[in-house]
Amino acid sequence: MNTSLIALVVALPLLAAFLLPLVPSVLRRLVGPLALLAVAALGMVLWQASLSEPLVLTLGGFRPPLGIVFYVDGVAALFVLTVALVTLLLWPWGGDASENLDRKQSLTLVLAAACTGLAVSGDLFNVYVFYELAAVASYGLAAGSRTAAAQVATFRYVILGSLGSLLALIGITLIYFRTGTLNLAHLADLAPQTLHDPLGLAAFFLILLGLGVKAELFLVNTWAPEVYATAEARVSALLAGLVSKLALLVVVRLLVLVFPLPEAREALLLLGMLGMISGEFAAYRARDIKRMLAWSSIGQLGAAFIAFSIPGPLGLAAGLAIALHHLLVKPALFLLAERWGGGLARLAGAARRSPLGAALFVLFALSLIGVPPLPGFWAKYLLLSGLAAQPDNLYLLAGLVVLVTTVVEAVYLFRVIGVMYGREGATPANEQLDNTQPASALAGSGVFAALLLAAALAAPLLAAPLGRMATQMSDGAAYVARVLPSTATLSGAAQ
Amino acid sequence: MSEFALLTLLIGALGLIALGIGGLVLSRNLFRIVLALSLAEAGANLLLVLVGFRRDAVAPIIESGQALTAIMVDPIPQAMVLTAIVIGVGVQALALSLAIRAYAAYGTLDMSVMRRRMEADIDAAAGAQPATSLHAPAGGRPLPPISAPRLAHDKGAQA
Amino acid sequence: MLTRYGALLFAAGFAFLLFVLFTSQPLGAPTMLAGQAVLNEAAGTVGAANIVTAVVLAYRGIDTLGELSILFAAATAVGLVLGRSHGTDAAATAREPGGFILRAGADLLFPLLLVVGFYIIVHGHLTPGGGFQGGVVLAAAFVLPVLARPSETISHSAMAWVEGLAGGVFIVTGLLALAVDRAFLTPLLGTGQLGTLLSAGTLPLLYLAVGLKVGAELANLLLRMTEEESGT
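Protein chains in written order, with the numbering used here: chain L, 91 to 585; chain C, 36 to 194; chain W, 120 to 351.
No wet-lab data here; the hints were simulated from the structure.
Values in this document were obtained by computation on a predicted structure and should not be read as measured data.
For glycine and all other residues, C-beta sits at the position ideal for the given N, C-alpha and C.
A couple of the hints might just be wrong.
Covered stretches of chain L (in silico footprint by chain C; criterion: 3 or more residues with CB under 8 Å from a CB of chain C, positions within the stretch not fixed) [said to hold, decoys possible]:
#, segment
1, 215–226
2, 258–264
Pairwise CB distance ranges (calculated) [as the list claims (entries may be wrong)]:
#, chain 1, residue 1, chain 2, residue 2, range
3, L, Thr561, W, Thr142, 40 to 50 Å
4, C, Ala40, L, Thr561, 48 to 58 Å
5, W, Gly309, L, Pro114, 31 to 41 Å
From just these sequences and the hints, can you work out the full model?
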């Protein structure tokens with residue numbers, strides 16, 4: 091296929107965002123969905139094409155280490171497709187004054203463009219720019235519920251996020267200082283001689299902490315419960331579902347290409363374990379469902395960090411499975427929880443008031459815990475078998491952590507289900523509560539549930555493409571060869 | 036540029052970063068927090084320019100009549116700094132506008148006060164019990180009688 | 120108290136760590152793998168005398184697009200946070216105009232700032248400066264009269280048109296390259312004579328779009344904040 095079309099996955103949503111306020115109001119509501127549909131179609135085509143062979147686009151036509159490249163392998167294309175579809179499912183259709191709705195739609199489009207950019211970019215500083223773009227758009231959306239609490243929570247999020255970006259920028263500066271290049275393939279080529287030392291590791295940790303803010307990494311995730319509790323359900327779903335995964339993907343790309351070192355893996359493993367423990371236990375202690383979901387999301391991303399710390403395609407496959415599963419389940423749960431934004435006691439008897447919502451909640455909760463036929467089970471199975479295959483004791487410990495936190499997860503999720511279906515505590519005041527979901531939220535989570543069930547039925551069929559994507563992604567040498575066909579001319583050009 | 040001047044610039048950049056991060060952690064006033072952040076960003080930008088600096092080189096601009104082979108500094112960090120500065124401006128404007136709104140709502144710029152009010156608001160919106168602590172135990176359990184001196188101590192701690 | 124010392128210690132330790140890392144190889148002699156290649160090629164392939172401009176708009180054009188989008192997202196988010204659908208005009212007209220010196224100064228400076236701003240923008244590919252720097256000057260030109268006469272606000276819809284169209288022009292210029300079978304953001308129209316005003320192909324056009332966009336976004340941000348102040 092014509093590789094120059096790859097640029098459209100970023101350019102189209104941005105163009106739509108810029109021009110949205112200028113479109114006549116009759117057509118204005120169509121601009122965003124149309125742009126996202128086009129990106130989804132492109133993502134589909136790219137996925138088909140890239141599974142056999144990754145595609146490379148040199149932006150501006152400048153040869154790689156000079157200009158910026160977009161690199162589309164199976165994983166990147168899949169994320170482009172997912173970004174477009176999930177954004178479409180969580181699209182702000184209405185519910186605001188026209189002017190504010192325009193703004194929210196523009197910001198959502200910018201967020202989608204930034205996420206596709208993160209998926210395909212093959213340049214370190216370009217990744218930073220797209221990360222900041224995603225950050226600013228998500229700050230705007232998080233503050234969009236316009237309550238005072240949301241504004242304070244967003245302010246704290248902005249400060250933590252900016253501190254993270256600062257650390258990431260210093261890390262990038264260190265890498266540029268040592269190597270004199272920003273292209274990921276070029277860096278991967280040079281890394282064994284230049285970056286596999288304390289300086290390179292320090293740079294990696296700085297970038298890890300910086301990008302970790304969005305990926306809800308342990309230590310820099312304190313914003314998550316506050317923001318998810320105050321933002322609109324749609325926005326929480328976007329941030330927890332999409333943005334965190336894209337930040338994670340960038341960290342994994344760096345880990346695979348530039349820093350395939352045991353120290354870097356151990357750091358990921360430790361932070362992942364701590365995140366999982368702290369997240370799941372805090373979720374157990376949470377007194378309302380939104381913050382419970384927020385903490386559980388931190389725990390789940392901890393599991394993804396653990397999975398990605400396993401070397402080789404095995405770990406990548408497990409990590410991708412966990413990330414994609416979480417991407418399906420968590421947005422749906424946030425959508426369902428929109429009207430249940432109360433203390434757990436308020437949910438008593440909710441199953442009778444909104445039977446469909448409660449049934450969907452049970453489905454997602456079971457998958458999150460990992461009950462066999464559902465995809466969550468396969469994700470955890472891949473993770474545990476990957477961990478068990480490692481000789482290092484630290485990985486065994488991680489396996490233990492995963493098992494223990496699964497029990498904790500089951501306890502707090504079943505507690506919610508028990509309250510919802512239980513008879514006790516259903517006071518008359520509870521019966522007056524209007525916590526049935528709006529039709530749009532039910533429809534949205536229904537689509538996620540359909541996807542989840544389809545994935546459960548097609549689990550044997552999904553294993554092959556997953557394995558292929560993981561193998562493709564783990565092959566750093568192929569990445570370098572594909573982006574830089576002739577490294578010899580390159581080092582000759584230097585000085 | 037002498038070795039000493041370069042070292043001074045490096046220490047200046049790192050000093051700005053340290054000042055910024057220290058201020059970020061220590062300040063409670065919202066505007067000071069934003070200010071500390073911009074200090075740290077200025078330090079990081081200075082660091083980035085410094086990394087592209089080359090001894091005895093000229094700015095990467097070709098003047099008419101000049102030989103194309105002149106030694107020039109690295110143009111890429113300069114372009115990166117331009118980007119980083121603009122990003123910083125956007126984020127600061129957003130942070131300040133949030134601070135303005137938060138001040139209008141809560142009437143304070145003290146981050147710790149603001150955070151407590153926010154937590155209370157979240158709890159109220161969720162209909163959950165306020166956070167449990169020594170002063171406000173959870174649930175409807177009967178409170179143990181509190182002796183007078185203890186009560187006075189608690190008030191002192193709150194003030 | 121302990122946390123204060125801890126924080127100071129942490130900041131100082133962090134700075135010391137960075138000091139050690141950044142002195143691990145000599146400053147002032149950068150590796151410049153990509154940088155030197157850009158210096159060697161830029162004049163021939165892009166045709167901009169200012170090589171930083173060649174990097175900003177040609178080699179790393181997508182970064183610049185991202186940067187513009189960040190400004191756009193920030194301005195949109197500020198509008199979402201501060202924006203009120205009504206009542207701003209009434210609040211603004213109630214304010215008194217500035218003193219004579221401020222008003223006369225603003226009137227005198229307005230055309231001057233406009234000329235300087237556009238000069239910096241259109242010479243961005245030749246001399247230091249460019250769309251971002253010139254755009255800031257333009258924003259100042261439009262904010263100054265509002266400071267002098269708070270009752271005369273600039274229409275937000277006009278600003279929205281400039282914002283949207285300038286951003287659109289940047290992307291569409293990039294997309295035009297696809298029509299002639301080149302990659303996104305490839306500079307078109309040849310390189311021209313190095314060092315002349317009409318050189319470097321589409322780069323001056325792109326910088327004009329950047330300048331207008333930056334100017335409109337920044338003016339928008341500043342005006343929102345002044346309106347907020349006059350409203351409360």
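Going through the hints against the structure:
Against chain C, the segment 215–226 of chain L contributes 5 residues with a C-beta closer than 8 Å to a partner C-beta. That satisfies the three-residue criterion, and the hint holds. By the rule of at least three residues with a Cβ nearer than 8 Å to a Cβ of chain C, the coverage given for the segment 258–264 of chain L holds, with 3 such residues. The hint said 40 to 50 Å for the Cβ distance between Thr561(L) and Thr142(W), and at roughly 42 Å that hint holds. Against the hinted window of 48 to 58 Å, the Cβ-Cβ separation of Ala40(C) and Thr561(L) comes to about 52 Å, which satisfies the hint.
At roughly 37 Å, the beta-carbon separation of Gly309(W) and Pro114(L) lies within the given 31 to 41 Å, and the hint holds.
Comparing the model with each numbered hint stated earlier shows that all of them hold.
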